[in-house]
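Engineer: Work the whole structure out from these sequences, hints included.
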Amino acid sequence: MLAILFGLMTGTSVLAAPQRVVSVNLCTDQLAMLLADPGQLLSVSYLAADPRASVMVEAAAGRVLNRGGAEEVFLMRPDLVLAGTYTARASVDLLRRLGVAVVELPPANRLADVPAHLRAVGAALGQQARAEALVAEFNAGLEAVRVPQVPSVTAAFYHPNGYTTGAGTLADDILSVTGFINAGATAGVTGGGILPLERLVMVAPELIVTSAPYPGASRSEDILRHPALEVLRAKAAARRMSDADWICGIPHILRAVAGMAAAHKALTP
Amino acid sequence: MRVILPLAVLVVALFAASLLIGPAAIGLRASLHALVTGEGEAVVLVMREIRLPRALLGLMVGAALGLSGAAMQGYLRNPLAEPGLIGVSPAASLGAVVAMQTGLVAMFAPALPLAALLGAGLSVALLFVLAGPGGGALALILAGVALSALAGALTSLVLSLSPNPFAMMEIVFWLMGSLADRSMLHVWLAAPVMALGVGLLWRTGRGLDALTLGEDAAASLGIPLARLRAQVVLGVAALVGAATAVAGAVGFVGLVVPHLLRPLVGGRPSALLPVSALGGAAVVLAADIATRVIAPDRDLKLGVLTAIVGAPFFFRLIWQMRRGAE
Amino acid sequence: MSLLDLRDLSVTRGAVPVLSRISLAVAAGEFVGLVGPNGAGKTTLLRAALGLVAHEGYASLSALPGMARARQAAFLPQTREVAWPVSVAALVGLGRVPHGRKMQAQDHQAVDHALHRMDLAEFRARNVLELSGGELARALIARVLAQETPLLLADEPVAGLDPAHQIRTMQVFRDLADQGRGVVASVHDLGLAARHCTRLVVLSGGRVVADGAPMQVLDDATLATVFGIRAFRAQSDGPVLMPLSVLP
Chain P
1 MLAILFGLMT GTSVLAAPQR VVSVNLCTDQ LAMLLADPGQ LLSVSYLAAD PRASVMVEAA
61 AGRVLNRGGA EEVFLMRPDL VLAGTYTARA SVDLLRRLGV AVVELPPANR LADVPAHLRA
121 VGAALGQQAR AEALVAEFNA GLEAVRVPQV PSVTAAFYHP NGYTTGAGTL ADDILSVTGF
181 INAGATAGVT GGGILPLERL VMVAPELIVT SAPYPGASRS EDILRHPALE VLRAKAAARR
241 MSDADWICGI PHILRAVAGM AAAHKALTP
Chain Z
1 MRVILPLAVL VVALFAASLL IGPAAIGLRA SLHALVTGEG EAVVLVMREI RLPRALLGLM
61 VGAALGLSGA AMQGYLRNPL AEPGLIGVSP AASLGAVVAM QTGLVAMFAP ALPLAALLGA
121 GLSVALLFVL AGPGGGALAL ILAGVALSAL AGALTSLVLS LSPNPFAMME IVFWLMGSLA
181 DRSMLHVWLA APVMALGVGL LWRTGRGLDA LTLGEDAAAS LGIPLARLRA QVVLGVAALV
241 GAATAVAGAV GFVGLVVPHL LRPLVGGRPS ALLPVSALGG AAVVLAADIA TRVIAPDRDL
301 KLGVLTAIVG APFFFRLIWQ MRRGAE
Chain H
1 MSLLDLRDLS VTRGAVPVLS RISLAVAAGE FVGLVGPNGA GKTTLLRAAL GLVAHEGYAS
61 LSALPGMARA RQAAFLPQTR EVAWPVSVAA LVGLGRVPHG RKMQAQDHQA VDHALHRMDL
121 AEFRARNVLE LSGGELARAL IARVLAQETP LLLADEPVAG LDPAHQIRTM QVFRDLADQG
181 RGVVASVHDL GLAARHCTRL VVLSGGRVVA DGAPMQVLDD ATLATVFGIR AFRAQSDGPV
241 LMPLSVLP
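Residue numbers (full-length UniProt numbering), protein chains in the order written: chain P, 1 to 269; chain Z, 1 to 326; chain H, 1 to 248.
Source of the hints: derived by calculation from the structure; they are not laboratory data. This one's a predicted model, so the numbers in the text were calculated from it and none came from an experiment. Take the hints with a grain of salt, since some may be wrong.
To be verified - To be clear about the criterion: a stretch of chain P counts as covered by chain Z if any three or more of its residues have a C-beta under 8 Å from a C-beta of chain Z, and this derived list gives those stretches:
#1 105-116
#2 155-164
#3 214-221
Said to hold, decoys possible - Covered by chain Z, per the in silico footprint, the following chain H stretches (three or more residues, Cβ under 8 Å):
#4 47-59
#5 197-208
Stated by the list, open to error - One side of the interface only, derived from the structure: several residues of chain P facing chain Z at Cβ under 8 Å:
#6 Gly-193
#7 Leu-197
#8 Ala-228
Ideal Cβ placement from N, Cα and C applies to all residues, glycine included.
Structural biologist: Structure, rendered in C-alpha cells:
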C-alpha cells in the first residue's frame, strides 16, 4: 500500500489528473470504470468485456479493448497505465522504460483491501471524492450483509483439477464474514492450491461451492462430476458460484458476500 | 513360472500399497475394513470411489502398456519399439482429445476409448508400413519421432482452440499421463476395450516366437503373417487406446519393462508377453504411488517419473546397438 | 513319390522376369543341389516353391495351407538372423511350431536329435547371440532338422562353415535323403555339390539349363557357359571337382 502511494507521489498525482488512462488488468479495469470521468479512461483490457470474468460488461461495451501488449498500449499514447502486480511483467517494464507512468495494484487478499484499492485508483485518477463515496457505500453494504455469528459451518471451494482456495485469500475472507469455516484452509492450503478429493471427502464439508462449467469439454472439469463428489454433494448443500463475482476486490464483491450469507442462513435454523 | 510368481506377488503388494497410501491419512485397519464391509461413510467413499479405481487403473494401464510394448517389439523385432516413444500413445491422445472437443464424448461416453483406439490404430498401421518387421531401428525411430511430433502438435492445437479455459492446461496431461481423480466410470470405460486387446495379443505368442527367425522362416513355419500383423495392430491399438483415453500418454513403460524382463524368460517373445504385462502393472502402480508420496498436493504427472527412470534405459539400449554394429 | 512338383513356375519383379517357366520334380531319396552363378534365381526358386513370393504356374507346396505346408517342407533362409537372445535349444525348438502348441516328449526328442546331428549337444543352453557365425549357422540348420519334414529346402546352408562342418552338414543332408526324405539346397561350392548331392540342377538367368547326375551336369561346356570357369575332375571315394581358373 505504502509502495503504491509512494509511486503515486513521485509519479502522476502531483500533476494534473491524467486524461489518457489505459488499464491492462481486469481488476483495475473495473475500478477505473467505476471512478473515472467520461473520456478519461481510454482503454480497458479485453477481459473487462468477457461476461465469464467481468461484472461490468455493459460499462466496457463500446470502449477500446486491449490485450496488454506494450506496443499496443504505447501506441495509445497513455499518460497513465493501470496494471496488476502480476500481469504482463515484461510489458509493464518495457512501458516504464519508454517513460510511461504505470501504477500497479496488487491482488486483493481480503475485503479490507477493497476500500484501499478504491482510494488508490481514485488518487491515481484524481477522483478522490468519488472514491470516498464508494468506500462509504461499500462499508455500509458490507455491514448490512455480514453474518455476525462465530464461524461454525464448514464450506469448501472445489474447482476443476481439484483446485481450492485456502487461507489468505479474498474468498477465504468472504467465508469468514459470512459464518463459514473454510475447509481448504483447515486442510492446510494457503492461497490457491490442490485439495486432493479424498481429503475433501474426509472433511465432509456442509457446503460445497463449485464454479459453473465453461463451454467446450475439458478433462479438468471431470472431477466436478466424480461419483465421490456427487455423494458429498447429495449430503451437503451445493452452490454454484459465478466466477466473475469473486475475482476482483471491487464493490461488486458484495454480491458474493450476500450469496454466501444467504447460504449460511439456509443452513442454520 | 519362476518369473511370473514373484512378479505377481509384487503386483499384488503394490496394488495393496496403492489402496493404502493417499493424501488422506486413514489407518490400515480402518481402510481395509471400509473397503471390504462398506461401513464408515467417508472412509468407504475414499476407498471405493477414489483409491480403488485409481489402483485398478494403475494395474490395467500398466499391464496394457507392458503387454503392448512386448508385442510391438516382438513383431518389429526391435527393442526400441515403445508405444509412447514412437507416437502410438500421442496419436491415441489426439483421438481422445478430438472426441472430447467435438462433443462426441458428451453424447456417447465410450467414444473416448474408441476414438483413442482409432488414433492408436492408425499410427501403428502407419509405423508398420514405414518401418515394417526388420525395417531397422533407424526407420522406426525416424517414423516414430515424426509421428509423435505431429500427434503432439495436433493435440496442442485442438486444445488451444477449445473455448474451455482449462483445455489448454491439459496438454501436459495428454502428453505425460496421470491417474489422479479417476473414477470407476473410467475403469468400466477402459476395461472392455482392453479385454479385446488382451484377447488379440494373447494369441500372437507362437507367431512372435517364429518371427525371431525372420519373416521368411516364420512364414515357412506356417505362421500367417498378414493375420499376425492385423492382430498386433488391433491389439496394441485397443490396449494403448484405452489406456491413453483414461490416463493420458505414459511413456517408457513398454520400453523398460520388456527390456528388463527379456533375459529372465530366455528371450522368447511368447514368454515375455504375460511377464511384461505383470511388470508393466508393477511399474505404473509404483510410479503412481511415488507421485502421491513425493508431492501429494501437486498432481505430479506419471510420465514424468516413468521418463526419469526410463530414459537412461533408452540410452543404454542405443549404446548397446551402436557397439553391436561396430 | 514326388515331394515337390513345380510346373511352369514363373516370377517377375516389376517387368523383369526372375524365373521363367521352371518345371522341376523332387522325389523322396533325392538330395538336389541347386547351383548357378549369383543372380541366377536360386533363392527366388526356393521361396517361390514355398509360396513366399507371388508366382505364376503350379507349385505343389504353395497350394497347401500354411501349417500343413510347414509339416511337409522345412525352409532354411539364407539370412542368418535371430532377433532375440534365446538359447540354442529354444531356437531349435522353433522347428516344432507346426507340430502343435505345446512341446511334447516327441518334440523334445526331435530337438535333441537335431542338436546331436549338428554337433551342438553341449551348446544347447548357450545364448544364440553369443555363438560364432558358424555355430549359429549350424544351430539354424538344426532348427530345420527338428521340423522333421519329408522335404527340406535350404538356401546356402554351408556358407561360412569350416571345412569339417561343411562336409558334415552335406553328409547329414545326404543321410536324410538316403533315409527316404528329400533335400533341395542351393550350394555355391561346386566341389561339395558334386561330391554329396544325388542330383544337380543348374540355374542360369532364371532358367534350368541342366539337370541330372552331378558329374554329367557339370561338364566342361556347362562350366564354361554358365560359370565361366574350367575345373579339374577326379575320383576318390566319389567324384572330385576342383574349379581351377576363370576363362578369359
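Engineer: With reference to the structure, classify each hint as holding or not holding.
Structural biologist: Hints and how they fare:
1. For the region 105-116 of chain P, the proposed coverage by chain Z is not satisfied: 0 residues have a C-beta within less than 8 Å of a C-beta in that chain, short of the threshold of three.
2. Requiring three or more residues with a Cβ within less than 8 Å of a Cβ of chain Z, the coverage given for the region 155-164 of chain P holds, as 3 such residues are present.
3. With 8 residues having a Cβ less than 8 Å from any Cβ of chain Z, the region 214-221 of chain P passes the three-residue criterion, so the hint holds.
4. For a cut-off of 8 Å, the count of residues in the region 47-59 of chain H with a CB near a CB of chain Z stands at 3, and the three-residue condition holds.
5. For a cut-off of 8 Å, the count of residues in the region 197-208 of chain H with a CB near a CB of chain Z stands at 0, and the three-residue condition is violated.
6. Interface restraint check: Gly-193 (chain P) against chain Z, minimum CB-CB distance 6 Å, threshold 8 Å, status holds.
7. The interface hint given for Leu-197 (chain P) is met, as the beta carbon of that residue sits about 6 Å from the closest beta carbon of chain Z, less than 8 Å.
8. At about 4 Å, the closest approach between the beta carbon of Ala-228 (chain P) and any beta carbon in chain Z falls short of 8 Å, and the interface hint on this residue holds.
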